[in-house]
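Asks: Each protein sequence line maps, in turn, to chains R and F.
Under my numbering, the first residue of the first sequence is numbered 1, with each subsequent residue one higher.
Under my numbering, the first residue of the second sequence is numbered 1001, with each subsequent residue one higher.
Everything labelled a hint here was simulated from the structure, so no lab data went into it.
Since the model is a prediction, treat every value here as computed from it, not as a measurement.
Every residue, glycine too, gets a C-beta built ideally from N, C-alpha and C.
Some clues are possibly wrong.
[Unchecked claim] Here's a subset of chain F near chain R, in silico, CB distances under 7 Å, partners left out: (1) Thr1049; (2) Glu1055; (3) Gly1056; (4) Arg1058; (5) Ile1059; (6) Val1062; (7) Leu1109; (8) Trp1112; (9) Thr1113; (10) Pro1120; (11) Val1222; (12) Thr1225; (13) Arg1226; (14) Ala1229; (15) Leu1232; (16) Val1245.
[Unchecked claim] Beyond 12 Å from chain R on every Cβ pair, some chain F residues (computed): (17) Ser1013; (18) Arg1023; (19) Trp1126; (20) Leu1136; (21) Leu1148; (22) Asn1184.
[To be verified] Quick look at which bits of chain F chain R covers, simulated, 3 or more residues with Cβ under 8 Å: (23) 1098-1106; (24) 1235-1243.
If you want the building blocks of each chain, they are given just below.
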Amino acid sequence: MQWNSAGEFFAMGGYAFYVWGSFGACALLMFAEPFLAKRRLSEVRQSLIRELLADELELKQKNP
Amino acid sequence: MNQSIIQWFRFGSPQAFYPIAGRMIPWFWAAAAAFGIAGLWISFFVAPTDAQQGEGYRIIFVHVPASWMSMFLYLIMAFWAGLGLALNTRLSGMMAQAVAPTGALMALLSLWTGALWGKPMWGAWWVWDARLTSELILFFLYLGFMALQAAIDDPRRADKAGAILALVGVVNIPIIYFSVKWWNTLHQGSTINLTKAPSMAHTMLWGMLLMALCFWMYSIAVALTRVRAIILERERHTDWVKHAVE
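With these hints in hand, go ahead and build the complete structure from the sequences.
Replies: What follows is the structure, given as C-alpha cells:
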C-alpha cells in the first residue's frame, strides 16, 4: 500500500478534486438511479393496488 | 417447433418475465456489490502510483468502465429495439426503453470523469476531439431516444420510432471505438496494453475489469427494476397484472 496516512489518501497526490470528483459523481448517480427506478416501480404498484381496492368497493356497493 | 425453443419464447412475454426479473434483481445487486468492493480495493490500495500521472490516473477505474458500458448498453438497446421492430414482440420495446436511461447515465459519467481527467493532464476540461465528440453524440442519441419515446403517446408506435433512431445511431459505436485510430486525437489509445511494465499493467487491468463487471451487474439490476415498472405501466389493464400486484 502506498499511503502513509488517511490525509495522504484523501489528498490523492494533489489530484483530490479530480479523483474524488470522478468517484463522487459515479457514487452519487449510481445511488440515485436505482432509487428512482425503485420508486417508479413502487408508484405503479401502489396505483394498481388502489385501483383494485376501488374496484372491490364498487362491486360491494352494487351487490351488498 | 422444438419444445425447448418454445420454452424460451415463453419468457419473452411480459407476464412470464415480470416475476423472473424480480427474482434475478437481488443476485445482480449482490454481484455488483462484490465486484465493486474488490474493484475499489484494487483501485485505491493495490494499484501503484503511475510514473507519469501520479495519483490522478486513478480516474481510469471509473472512466473506462463507464465508457465501455455506455457503448455496450447502446448496442443492447439497439438489439432489443431491432428485435421488437422485426418480430413485433411486446417485451423487446420495453427492454430497450429500460436500458436507455442507464446508458445515458454511463455516457454522462464517461464525459464527466473524462473532463475531470482531461483538466489536470491536458490542461482542458473539453476539446473537440474525435473521441470526445463521438461520445457526446452518443449521449445525445440516448437523450433523443428517450425524448422521442416520451413524445409519442401510443407505446407501440413509440417503440417503432425509437427503434429506427436506435438502429441508425449504431453507426456511432464503431466511430467511438476506432476514433483514436482513425483520427489524430488528444485522447490516448487503448489503455489495455500488456507489453509494458507487466506487474503494474496487471493490477491496473484487474482493477479496471472488476470495476467494469461491477458496472455491468449494476446496469442489469437497475434495468431489470425499470423494466418491471414499465411492464406494469403498459400492461396495467390486463388481468394478470391485477393478480401480480395482489
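Asks: The structure should be examined with respect to each hint, and the outcome stated for every one.
Replies: Verification of the hints:
1. Checking F:Thr1049 against chain R: minimum C-beta separation of about 6 Å stays under 7 Å; hint holds.
2. Here the hint on F:Glu1055 is kept, as its CB sits about 4 Å from the closest CB of chain R, short of 7 Å.
3. Below 7 Å, beta-carbon pairs count as interface contacts, and F:Gly1056 has one with chain R at about 4 Å; its hint therefore holds.
4. Hint status for F:Arg1058 relative to chain R: holds, with the closest Cβ pair at about 5 Å, below 7 Å.
5. Satisfaction of the interface hint for F:Ile1059 is found here, the shortest Cβ-Cβ separation to chain R being roughly 5 Å, below the 7 Å cut-off.
6. This hint holds: F:Val1062 has a C-beta 5 Å from the nearest C-beta of chain R, less than the 7 Å allowed.
7. A cut of 7 Å between beta carbons decides the hint on F:Leu1109: the least distance to chain R is about 6 Å, and the hint holds.
8. Against a cut-off of 7 Å between C-beta atoms, the interface hint on F:Trp1112 holds, since the closest Cβ of chain R lies about 5 Å away.
9. Of the supplied interface hints, the one on F:Thr1113 holds, with its beta-carbon coming within about 4 Å of a beta-carbon of chain R, less than 7 Å.
10. At its closest, the beta carbon of F:Pro1120 sits 5 Å from a beta carbon of chain R; the interface hint therefore holds under the 7 Å criterion.
11. At a threshold of 7 Å, the smallest CB-CB gap from F:Val1222 to chain R is about 5 Å, leaving the interface hint in force.
12. The restraint placing F:Thr1225 at the interface with chain R holds, with a minimum CB-CB distance near 4 Å, inside the 7 Å limit.
13. At about 5 Å, the closest approach between the beta carbon of F:Arg1226 and any beta carbon in chain R falls short of 7 Å, and the interface hint on this residue holds.
14. Because the closest C-beta pair between F:Ala1229 and chain R is about 4 Å apart, less than 7 Å, the hint holds.
15. Interface restraint check: F:Leu1232 against chain R, minimum CB-CB distance 4 Å, threshold 7 Å, status holds.
16. Nearest Cβ of chain R to the Cβ of F:Val1245: about 5 Å, under the 7 Å cut. The hint holds.
17. Interface exclusion of F:Ser1013 from chain R stands, the closest Cβ pair being 18 Å apart, more than 12 Å.
18. Its beta-carbon lying about 14 Å from the closest one in chain R, F:Arg1023 satisfies the requirement of being farther than 12 Å from that chain.
19. In this structure F:Trp1126 is separated from chain R by more than 12 Å, as the shortest Cβ-Cβ distance comes to about 14 Å.
20. The Cβ of F:Leu1136 sits about 17 Å from the closest Cβ of chain R, beyond the 12 Å cut-off, so the non-interface label holds.
21. For F:Leu1148, the non-interface assignment is confirmed: its Cβ lies about 19 Å from the closest Cβ of chain R, beyond the 12 Å cut-off.
22. The beta carbon of F:Asn1184 sits about 25 Å from the closest Cβ of chain R, which is more than 12 Å, so the claim that it is off the interface holds.
23. Here the stretch 1098-1106 of chain F counts 3 residues with a CB under 8 Å from a CB of chain R, which clears the bar of 3, and the coverage holds.
24. Coverage of the stretch 1235-1243 of chain F by chain R holds. Counting CB-CB distances below 8 Å, 3 residues qualify, and the rule asks for three or more.
In summary, the structure agrees with every hint in the numbered list given earlier.
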